[in-house]
Amino acid sequence: MMNNSLLHGLVAAIFFLPALALLLLAVPAWFGRRISESTINAIVGSAFAGATTCATLLLAVMYLGGQNVVEVRLGTWFSVEHYFFDWTLVADHLSVPFAWFVALLVGSIGAFSRRYLHQESGYLRYYLLLTLFGASTELVVLAGTLDMVFFGWELVGITSALLIAFFHERRKPVEHGFRAFVTYRVCDVGLLSAAVWMHHSVGSSALSGPTPLTPWGTFSVPEGTAAATFVGAMLLWASMGKGAQAPLGGWLPRAMEGPTPSSAIFYGAISIHLGPYLLLRAGSLLEHAPSVALAVVLVGGTTALHATFVGRVQTDIKSALAYASMTQVGLIFVEIGLGFRYLALAHIVGHACLRSLQILRSPSLLHDHHHLEQAMGRHLPKTGGHLERFVPRRLQPWLFRHALERGYFDAFLIQYVVHSFVSCFRWIDEQDRAWVDLLTSATPDRSAAPQEAREI
Amino acid sequence: MTAMAAATSLSEVSVEENATGRLREIVEEVSHFLPQQAPLHAFVHHNPLHAFEHLPFEIAVVEAAQLLGTEPFQQECAFSRHLESGRIQQRDLEAVIDASETRIADENLGGLSQREFTIGRLGNLFELPRGAALDWILSESHALSRFDSRVSDGRRMDLLEHARTRYGDGAVTDLESRLCRDLWIAMVGASSAGTCRKKTARRRDRIVDTVGVDPDDWVHPVLIRFCAAFLDQGIAYWQMPDRSGGLLKAFRAIYGIGAGPPDRWMRGLPAECRRQEREQWDAERTVVWALESLDVEPSDWAEFVRDTLFSLRGWAGMVRHFEEHPDQAPVESRACCLLEYLAIQLTLDSFAVRYALTIDPDTDPQSRTESALGHGGDLAYEAYLLAQLLPTDVTLLTDSDAAASWMNAVRLLDDIERRKLLHLAYERRHRKIVLDGILAHDQLTRQQPAEPEFQAVFCIDEREESFRRHLEEVHPASETFGYVGSFGVSMVYQGLDDVRGRPLCPVTITPTHFVSERAIESDAESTYRTARLRRGRLRHAAGIGTKSLVRGGFLAGAGGVLTVGPLVARCLAPRLAERWSHRADHGHHSAPKTRLAVERFDAEAALPGVLAEGFTIGEMTSIVEALLRTTGLADKCRPLVLLIGHGSSSLNNPHEAAHDCGATGGGRGGPNARAFAAMANHPSVRERLLEGGLRIADDTYFVGAYHNTCNDEVTYYDEDLLPQRARAQLRRAQRAFESARRLDAHERARRFDSAPLKLGVSRALRHAEERAVDLAQPRPEYGHATNAVCIVGRRERTRGLFLDRRAFLVSYDPTSDEQGGLLADLLLSVGPVGAGINLEYYFSFVDPVGYGCGTKLPHNITGLFGVMDGHASDLRTGLPWQMVEIHEPVRLLLIVETEVETLAKILKTHPALDHLVRNRWIQLVAWSPASPEMHVFCDGVFQPYVPEQSEIPIFRRSADFYSGHRAHLGCAHITSAFGAMNDEQ
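Quick note, the sequences are listed as chains A and B, same order.
My numbering applies: residue 1 is where the first sequence begins, and numbers increase by one.
My numbering applies: residue 1 is where the second sequence begins, and numbers increase by one.
Looking at chain B on its own, in the form it has when it is part of the complex:
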């Protein structure tokens, strides 16, 4: 202790100031790489590698993988399966290899060109034995005297032929073993000394190696317990006393009192805490002290701090999130900052390390997994196998120069490089399937559908693609549009039941308006509220009581046995159980009739920073106008226009919010649709629109609705406001919606392995409903798992095209937007949002443990803000495996219906978008509005797209195409969307 105190007192004041400044920078820098996930209730999809977006995708994923210990692409064995199944084709590989820059001038590799070598290598994917496994194979098997078992018969003949030319005639086994031996000797000779695995800079790693104990095993549980208790939003009955002074102060208060925990490694911690508190050390000072006591050179600080924070990155990231977004705390914000968290971790680390060094080193240090030959041995063996498998002239390779260049080629085409090429080929095939499908569909002559009876505007979400398609199929006299699911209504919304308002708008927008839902009759409201409150109190008291001692005893002893009914019912008949429980919760008091307080009557401008209650007529007009003009609805509104927001409700799903609407910032878009309808029906808004040259017929009505994507239920708002005649029209539309939602559930069911493929339409709907309320269901819905494409353009051109719920569909009319002004705005919101969703799924799929949060089954909700794996683990961020398991990890294919020039101009003037496209985080395609031509953005320019296939399967209804299939499907042309042989169900 004295030595440490001396060390700090020695350091000059100015040096210290300098040091603390640097520390802040270091922590700031590191914080960008920590998981940025919000508390679970406010889950919003984002790119986990946001901090790497300044780099090109292929480089960024590899750098991130090295830094975070994660995977950049799918595993090679997965690609191997894709090659087998035909998901990646030979021509994809060739095209990708031809497009990639060759690194070696066309060198002679045992008779192969570089290109042939690469193609051959990618066609021969196998798992390489490493370390002890390799040692075993080399010493205990015939690997060095016989050809590998994967060598084909033909190739075997060739190899023996080569051997004969070199060694003359002889017994086959003799030739074989001589050739093998010479080849192996040449390869070992050409392999250079191996590179060592990169070690992290932490003291802890050296202690693990030398002493055989892991100080993190002591430090992490304490740190996790403490941070969880500090951040807790209401799980613990007794909350941590006095947290207002911040993380560090609370830590010192709790661990600085009394004699301290009896754990040996924490000896002296209370005294140290008290000393730091007495001398009023701030976080920086504490960190500097800890770094010095851990003997870290100032030059190593950055790396050391980074590795320390990464060791428990979920928690560090959550502390950071509370620091930066206190408003997103589920219940109550907490004063905390990452630097204080670091101070605590390093303080604990220094005690743990000091204690660890007093332990006798383990007499049996952990055995190394490195091969006896080192890394070079792995490579030599790989080169040795490849020389046998690829069609080379093996005898050439025994020459030392040839062997060296062979070895070099093998080294350069390492695991990462191969997976990169395979990934590109994998994406290429997907791109071909989609673009060819769209072009082929576009060229088919289509019947003009009947004049629509109603129009429906959906969210752009890819889950609504199937709903729209089915709606058009069952009711061809309808027209659908896709628009951002907030419908332009950016607001803080408070529903009748809500405890407080929450923003319902894209995360990039800060809402300035407040809209609340109000009951029409106050009597009905108060009866409703009293009844709910009574039940709520009962449930709350029971929830707390059952966990306590005396009340728990009474409840369990006297009433516990009554829960056997719900328990068995939840296990055996989840739908029934939910119905009972819903009835018990809500009783017979149905919710009162309500309206949204959309309009603001005092026309004064709201004060900055204060939410304005409602919207003025002017604001409403511009919201309505933006939607009508962008979608192309403007001058063709039919008498009934429906707006359908969406969200999702499910049980057994801590990640429930991740299934909600991304365009409302992870909220449910029903209120936005309802508010929009109220605005568009407003007479004064219509007048203003007319002044601006946009005419909506007097007999046109807008109706808001809400689609629950989990159980496929559709709810309609404010139906009673419609005049009698419009109600009849609405009922017709509702009948079509009813059929569409059943078919939507049916199409979704084909992806669920537990739903039989032959499931009928009604049973499929029941199946979807059951999933949503089943406590045992880890996959209530697959969410965005199928996302892959985004099409910005007119629906006419994609109507009747089966896109397998894989495409975000954004309505945009290029013919009325010559300058591309509307398009730029649209792309600026759609591009980043789509990329965020797409990349989150990409990374959670390619590395479910490193980027995703692993399997859901052991998840344990902590503090109401996150999940841990079982007991006291790091906070798990990203998506659970059950959500992403059917995903195809490809970058978003953004297809925009516009001329190449317009798109190029937009990119030039909008750096944010340009960045995303140029660094290849999304794939961009321009689709000419006037002709069937496409241009793919590649290497900085738009290159004309050459289709591979011009055929497209044609079916009468979607169900004819998808029925009986589980896997992803390509495109198909669906005729009933145009009224051909229409039979409404």
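Extracted from the complex, chain A is given alone in its bound form:
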């Protein structure tokens, strides 16, 4: 019993320490109090160091004690007779390693950014968003119900968009942040629909398991293949936005507008892997709905091929790394679709470390290139030779343009999807104006009033 409450405390601390740090930063900031850089560092550093320590202990205790799952009930949101929404955190063989990893990475990037963002005017804003991101990712990771996932998921989305638009005095970062935000929102519809449908069909969106078939807790499967397929498809849709899968991934290279460390942790390490994480949680659904599993494989496969092809012609280091990320996430989707869960988990962790280190190192590219040339004793060998050998010469420019224009996915989306939405809204807006004009034309004096004030 003693042991159990200790475990509960550890699980809760992983989420609540970052959340507490967020409060400590946000409350004074709200009242316009200046917080020194060293105070910010102390708060954020100790919160994530604490979370990492708790996760390490939890990991040790659970593996040594052979405990498969620790469930922490935090309370009930609301209950109507026998129907209720619970707040629960679940630590199992999927969430604990992930939570440990997230705390370690966010903490490290926090320490890194201390030097990187030193004396930047948006220092506090950056750390607020980073801490919010850390806390909400832990929420997504440890969530015991899909509703809680949704909360964390939304917060991750908004922090991601705000950090892309970190340099908001320029126009492009804001546009690109907005683009990411819109993509997230459109895909969030999937998560929300899945949650609603689960409540409708199963009565709860809580995790169940682990079962002998699934090594960790997964979402309950609704009765009937159709319902399972629907929920599965919705979850796939949700994960495609965060995971930057084709054809929605156009925001990812554009997301490289923020400070380098935030790009590293979001698009190299954590945010981008939340899509696959959600699918790992939906493992049982994929088993009951093979068509969804097939769709996951197809989406992942298409993305991997598209991204590796497009990535090969990128001429700036951050876009090249963004497409490299997208490629591997596509591959991870394929692994999940095929049912290789542990492989996918190892792939996620390995890829996250590798890619975020590469993004952190990207401003040193010229230095590294020079040293690599020296080590090789010559200019770096030409790459891409096999493409030139196998692709007919006449087709090469066509194929090259295809890659340079990013497979035209953006163009198609904008021309045919976004455009029709915009014209539709514009039409509605015009009708609206026409009505307003019609209704207000009887009382002209209202619009004349501000004119007079100007004539002084």
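Among the hints, a few may not be true.
[To be verified] Here are some of the chain A residues that sit facing chain B, going by a computed Cβ distance under 10 Å:
# : residue
1 : A255
2 : T260
3 : A307
4 : Q328
5 : I332
6 : L354
7 : K382
8 : R426
Calculated directly from the structure, the hints in this document are not laboratory data.
For each residue, glycine too, the CB sits at the ideal point set by N, CA and C.
Dock chain B against the given chain A, drawing on the hints supplied.
Using the frame of chain A, we list chain B on its own:
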């Protein structure tokens, strides 16, 4: 399309020839105004306004600002802070105003003279509300019925007094509002119709205004993608196929195939590309076609082309640079030219504009920011406020004539004019601090330092000022000199590791000699190379593999988790991480012992255009002699003479090369020092020198060394060549250098905000070392950020003078150069180089976005030649904010120890120098070698300098003076440089 085709076929052949000739001229003309920055690995400081150097500085900056949309001076709010902090003093303002030509005869401005008005105006700097903000203030606040809140109590009494004399007694609020109203009416009456903001000539601007879409949003991404892919030096795995035919041909090949991108605005582009290619249109023809299809009148071409190229000026400038300097491409040159770039941009523009015109105009056009009253309203409000704030007799101003002249005075002293005056005052204070400090120091009686045990020749770089000072402090029995950091050895150098040679000499010189570093033992070399190659291959394969699909999957899945160690270490313990990584990279195979192949044995003259391997004895002799004679070392060489080249190595710094030695063309000067030492130690060179009357004692040895200005490490070359006795001397010198480098790191650390002010000497060195290897550090070093002064003269006169790392120090002995021949050569190299560095910092500081490349944090390296801001932006040129943030934007103060007449004569005979000085791009001062007199070059003549202060703070050691301070410091006299109470650390 048919209409366009018809338009071209109509134009006569001769007209067309004429037109293309004009086009070439226009593009040539515009290209001078584009950023001239080289690819980043070959970064060399230059004046960003090089194209304006024929104009006087104050006029040039304003013209450039209008043309490029940039800032000419610091912002007024910055000057306001300088006035508050005392950085600009009242007497500076007065002196500057007295010196500037008065534009109005001493007119009566509400009881003030023109001078009083100007002084008062500069003392009252405030942000003026404009546009909608002004409208709001006028209609929603009490601005027109109450005095402004900045009006002081005393002034308020005066104003009410004026009101009483005019309106008779009454309630205070009543008087106040009547006076305000009358004043406002008078000011509005006197303000004339406003001038409109200048619009650019592009079609795009009109479309933005009328349709509400921006065609550049479509064109620029395509243009950037394409140019980046064309110029790419090796980031992309798959390079653009067949680029040899040039930019335009490649564009047509890629965008002319198939049905084309589905974007609506590009509809018809492939067909057009194919047509142009089929009819073999060259760039000129394409440009003319595009200009005609965009309905541009031939008379507007120049302006139109200029604005078009300016819209993406970083890329246009880089294309131009590849065109003009193919040899500076990082890996491989590309056949491209600016005219072809323009042809592509205009072709895309014409498609974008045509499509934009088919869109329904936006129902809600962007709201204007112009005030309801127009520009005149802004001015009226400014005049209205000033009438309240300055000590005028307000009642006089309600008269319409007086109001008009008041308004005129306000208009003439506009934002630019005020900032110009403030800038001059800002510079004046700096000049006073430095010149007074030098003169005061010069007049102090100084102890004669002991006979030097060794001498050290450094680069003139201002970063070596502190190093030299500390060296003299810790070891007074030493003597230092400053000479151009290439030490006169102009060569193409290839180190043992280098893939190819690179020039190590000032950019103005084309090197004709080649020097390589060679291993002594071939066995050691091959073991070393094999080991390096093995690791290099591994790293290269991993770098490519992790970005690809299948290999990437294996690497990430199987080995990715191993990178968690380096990742966390890089974040938490950068020094440790670098040590591991260095060990992993280099292993236990240390570099083999090497020598430079300095000497050429076949005495035949090298063929023109071919690099000669090494130098002949004659050439070496003249190099050695030039240095010895210019610095004044010639007849007083001590047994050990060190030559210290410098450079800088750092991570997280695309602008790494900008911290290297400017005198070696942005290279690292170690090999130059090493080569010079080898030459000066050569027995045959000594013999030749003796023939020329220059005797170096047989027991004198020269040793080359390299100073890394980022981590303050000093490396020595070819120590093993010294005889036993000289080695002992070298070890003594090295001990002094060891202390000096620690103190240098300590002095540098005071400027870094993240280093505590109380940092000890050893910890400061560690701090500097950590900065150099930290992936998270955007400020590895501050580079030239403190540059402001250049002193050409004997070190005796500046020894023991604390100059705060702000002065280039050039050794020159006026007593042995009666005719000024050596001085002219020296100034011709030092003047332009110093001005280039200084002005690059000036402009990147006063406008970090327009001239500099903004904050470093979102920078994204493109094609191995430049940086963009985040995703697909214009190429950013200039210096990043983190490099310049502590800079004081003043023009270089060049102080030359020579008689006024000599300097005047040099200016007369060297137009290049004269130009720079007469147009005030540098400030020139003559410092008499024999007496404590200075003459400042001003308005075309040298005027005697009158010191303001004759006191100078005296400290025992530099550290006593600078410790505990972050900001710039003035001059100080340091006694331990003369051996007073010497305690070697």
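How the hints compare with the structure:
Annotation: interface hint on A255/A holds; nearest CB of chain B at approximately 8 Å, less than 10 Å. The interface hint given for T260/A is met, as the beta carbon of that residue sits about 7 Å from the closest beta carbon of chain B, less than 10 Å. This hint holds: A307/A has a C-beta 8 Å from the nearest C-beta of chain B, less than the 10 Å allowed. Using the Cβ-Cβ criterion of 10 Å, the hint placing Q328/A at the interface with chain B is satisfied: the shortest such distance is roughly 6 Å.
The interface hint given for I332/A holds, since its Cβ lies 9 Å from the closest Cβ of chain B, which is under the 10 Å cut-off. Interface hint at L354/A: satisfied, since its Cβ lies 4 Å from the closest Cβ of chain B, which is below the 10 Å cut-off. About 8 Å separates the beta-carbon of K382/A from the nearest beta-carbon of chain B, less than 10 Å, and the hint is met. With its C-beta approaching chain B no nearer than about 8 Å, R426/A sits inside the 10 Å limit, and its interface hint holds.
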